[in-house]
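Construct the entire structure; sequences and hints are all you get.
The letter at position 26 of the sequence shown is residue 28 when you use the working numbering, and the numbering goes up by one with no holes.
Calculated directly from the structure, the hints in this document are not laboratory data.
Treat the numbers as computed from the prediction; the structure is a model and nothing was measured.
Every residue gets a Cβ at the ideal spot worked out from N, C-alpha and C, and that includes glycine.
Some hints here could point you the wrong way.
Label pairs and their in silico Cβ distance ranges [to be verified]:
hint	residue 1	residue 2	range
1	Q231	T71	39 to 47 Å
2	E173	K250	18 to 26 Å
3	V36	S254	29 to 37 Å
4	G289	V418	18 to 26 Å
5	S174	K260	20 to 28 Å
6	G289	D229	53 to 61 Å
7	L200	P268	46 to 54 Å
Straight-line alpha carbon distances no greater than 16 Å define the calculated EDC-like cross-link-like pairs of lysine to aspartate or glutamate that follow [unchecked claim]:
hint	residue 1	residue 2
8	K239	D229
9	K250	D229
10	K204	E173
11	K17	D34
12	K253	D226
13	K135	D184
14	K17	E82
15	K135	E83
16	K94	E125
17	K135	E82
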Amino acid sequence: MDPRLIVPTQIGSIKELYEAIHENPYILEIIDAVPFINTPLHVAAASGNLAFAMELMNLKPSFARKLNTYGLSPLHLAIEEGQTRLVISLLKVDPDLVRLKGREGTTPFHQVVRRGETDLMTEFLLACPSCIKYANVNGETALHMAVLNDRYEELEVLLGWIQRLRQVDAESLEMQFLNKRDQEGNTALHIAACQNSLKAVKLLVKCSAVNPNIHNRNGLTALDILDNQREHHTNRKMETIIRKSGGKSGKSLPKTKKVSEILRYPISFTEHLFTQTARYRNQTPEGSRSALLVIAALIITATYQTALQPPGGVYQANASDHEGSSKKSVAGTVVMDERYFYVLRGVNSMAFVGAVFMAFCLIPAGEGYVWWFLWIAVPLYVSYLVSMSVISTDTVWFFSISAGSVIIVVLVYMVVFFLRWKRSKKKIPGTSSELILEGFTTLDIAKGVECM
Numbered sequence: 003m004d005p006r007l008i009v010p011t012q013i014g015s016i017k018e019l020y021e022a023i024h025e026n027p028y029i030l031e032i033i034d035a036v037p038f039i040n041t042p043l044h045v046a047a048a049s050g051n052l053a054f055a056m057e058l059m060n061l062k063p064s065f066a067r068k069l070n071t072y073g074l075s076p077l078h079l080a081i082e083e084g085q086t087r088l089v090i091s092l093l094k095v096d097p098d099l100v101r102l103k104g105r106e107g108t109t110p111f112h113q114v115v116r117r118g119e120t121d122l123m124t125e126f127l128l129a130c131p132s133c134i135k136y137a138n139v140n141g142e143t144a145l146h147m148a149v150l151n152d153r154y155e156e157l158e159v160l161l162g163w164i165q166r167l168r169q170v171d172a173e174s175l176e177m178q179f180l181n182k183r184d185q186e187g188n189t190a191l192h193i194a195a196c197q198n199s200l201k202a203v204k205l206l207v208k209c210s211a212v213n214p215n216i217h218n219r220n221g222l223t224a225l226d227i228l229d230n231q232r233e234h235h236t237n238r239k240m241e242t243i244i245r246k247s248g249g250k251s252g253k254s255l256p257k258t259k260k261v262s263e264i265l266r267y268p269i270s271f272t273e274h275l276f277t278q279t280a281r282y283r284n285q286t287p288e289g290s291r292s293a294l295l296v297i298a299a300l301i302i303t304a305t306y307q308t309a310l311q312p313p314g315g316v317y318q319a320n321a322s323d324h325e326g327s328s329k330k331s332v333a334g335t336v337v338m339d340e341r342y343f344y345v346l347r348g349v350n351s352m353a354f355v356g357a358v359f360m361a362f363c364l365i366p367a368g369e370g371y372v373w374w375f376l377w378i379a380v381p382l383y384v385s386y387l388v389s390m391s392v393i394s395t396d397t398v399w400f401f402s403i404s405a406g407s408v409i410i411v412v413l414v415y416m417v418v419f420f421l422r423w424k425r426s427k428k429k430i431p432g433t434s435s436e437l438i439l440e441g442f443t444t445l446d447i448a449k450g451v452e453c454m
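Here it is as structure tokens:
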């Protein structure tokens, strides 16, 4: 550090800081050019000189991200020295400082978890929710550190936070965080078992996303670790808890296939079918998706209305047919000729099922969306069948035609994909254009039929 800055930094004098800048306008730039250095902001953060630190943040925000020769940022030092007010002030200026990695990949968030500062940890989560994802060079997340340092309050906060997330990728983030392995392959549950921490085990297995059957680098599950430490009296309790949550020993688990083994298998027709459906769903532009969903909804509405109110309506009371007809008319059954009605309900059912299927293919990718769609679509189809069967004069014929319409729609869908699958296996060379052969474009895109 420039000698002219030593005194202003030590006493926190903003006036003398600007006098030094007046003498040399590049004095702060010279410091900033050094990769690892103890900046004036480091000194102010460690001493808790709030006004001086905020003035430096105003002049040189980059100082907050610079590490000193010990691998520590100003925020790391402020936490270490217990300067809580200054820590919060730095966060207000730049919340992303919470996930800044210092020595050994330790972030300020990791630091507060290790120190057991629950309130400050909560403030960090509120300021920068993504800080929970980061691990140090040993692969340890804040969850590992809470268990390693017996920080049970912090562990409860972390588990409570991750289970309450509602963002788009919340489910996958929860799964990754709770089952993250360190460099030795140990999850937080492995570490809790190693340390015979009954409380940590209880807290972790309460989370449904925790997988108790993950192997570490030695091929051991959490239950295996407890089996190897039978001299501890708490082991039986922990074993019971882990077993109740679905935990098993490594020997009793089926052998898992490596990803490389799975990828080496030829693609089956079933896998091709699901892959192409997912690709269609993911590659459909939002504008086209919205328009097609509206069309599908209109078709579903029209076909369902036809089931409720067929052409000609239904009989209103039990009576013989008009003038001399021997046919018995039952209230609630269709007036139109049965032959035409058979054709109508067959075609109508195909349109209804096809529109529902098209809507299914267009909904956003994700298991949650699929289940919600099925919860709605299945009762809707059942009510459609009931409505059509009520007005039908021959229930057996009706269900036969309805089942046939579903089978036809599914068969058409599968035949189309089967033919595409067979065609892909024949390796048809296609056109002689190098750009088309290598997938850069297609003839339809060039003609404007499709959009990139």
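Outcome of the hint check:
1. Q231 - T71: 39 to 47 Å: holds (42 Å)
2. E173 - K250: 18 to 26 Å: With a Cβ separation near 24 Å, E173 and K250 satisfy 18 to 26 Å, so the hint holds.
3. V36 - S254: 29 to 37 Å: violated (57 Å)
4. G289 - V418: 18 to 26 Å: holds (24 Å)
5. S174 - K260: 20 to 28 Å: holds (22 Å)
6. G289 - D229: 53 to 61 Å: For D229 against G289, whose Cβ atoms are near 58 Å apart, the range 53 to 61 Å holds.
7. L200 - P268: 46 to 54 Å: Roughly 49 Å apart at Cβ, these two residues keep to the hinted range, so it holds.
8. K239 - D229: holds (12 Å)
9. K250 - D229: Holds, because 11 Å separates the two Cα atoms, which is no more than 16 Å.
10. K204 - E173: violated (21 Å)
11. K17 - D34: violated (21 Å)
12. K253 - D226: holds (9 Å)
13. K135 - D184: holds (13 Å)
14. K17 - E82: violated (28 Å)
15. K135 - E83: violated (25 Å)
16. K94 - E125: This hinted pair holds, its Cα atoms lying about 11 Å apart.
17. K135 - E82: Violated: K135 and E82 sit about 22 Å apart, past 16 Å.
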